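S.K.: Sequence:
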Amino acid sequence: MRNSFDWTPYRRSTVGFDRLFDFLENSGAAENYPPFDIEKIADDHFRITVAVAGFKNDEIDITAQQNMLTVSGRKAPAKEGEERKLLYSGIATRAFERRFQLADFVRVDKADLADGLLTIDLVREVPDAMKPHKIAIGGGKPSLVDDSKKAA
Numbered sequence: 001m002r003n004s005f006d007w008t009p010y011r012r013s014t015v016g017f018d019r020l021f022d023f024l025e026n027s028g029a030a031e032n033y034p035p036f037d038i039e040k041i042a043d044d045h046f047r048i049t050v051a052v053a054g055f056k057n058d059e060i061d062i063t064a065q066q067n068m069l070t071v072s073g074r075k076a077p078a079k080e081g082e083e084r085k086l087l088y089s090g091i092a093t094r095a096f097e098r099r100f101q102l103a104d105f106v107r108v109d110k111a112d113l114a115d116g117l118l119t120i121d122l123v124r125e126v127p128d129a130m131k132p133h134k135i136a137i138g139g140g141k142p143s144l145v146d147d148s149k150k151a152a
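Letter by letter, the sequence shown follows residues 1 to 152 in the UniProt record's numbering.
Calculated directly from the structure, the hints in this document are not laboratory data.
One or more hints might be untrue.
Here are the simulated DSS-like cross-link-like pairs (lysine-lysine), alpha carbons at most 30 angstroms apart as the crow flies [unchecked claim]: (1) K75 / K85; (2) K56 / K110; (3) K56 / K75.
Bear in mind the structure is a predicted one, so any value in this text is a computation, not a measurement.
Let's have the full structure, built from the sequences with the hints guiding it.
M.R.: The structure is reproduced here in structure tokens:
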């Protein structure tokens, strides 16, 4: 099933997240758990919020590697004597794995779990060598005299 949302306006206003929009466009209906939000906090700060109701800190793994962020969760098996007798189970606690492709130079700043929401803060840090910089234009004429002969 193809996502019918048009991401074109967002592609024009973001730089370096093209792969993220490709991922969102190509994600099928089978990959809709757990639900998530992606928000832009500032120019170089982003936040992913994943709804993980029913999961504890030690049941969720967050792995960041080159341009890929993986969030996975697996419920710990119930201990003896802790079995619950549910009359209705509406909170999904199945195992999941959600992958996010990150733009170049994006790193995970921090992650928190509160009120059933996992928030992952991302920061884009472009190295100084990759940032645009002004080149001064020299006003003088180029020297035609060899500097080594001047010293003699």
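S.K.: Is the straight-line distance between the alpha-carbon of K75 and that of K85 30 angstroms or less?
M.R.: holds (17 angstroms)
S.K.: Tell me if the straight-line CA distance from K56 to K110 falls inside 30 angstroms.
M.R.: holds (17 angstroms)
S.K.: Does K56 pair with K75 here, judged by a C-alpha cut-off of 30 angstroms?
M.R.: holds (8 angstroms)
When the structure is compared with the earlier hints, no violation turns up for any of them.
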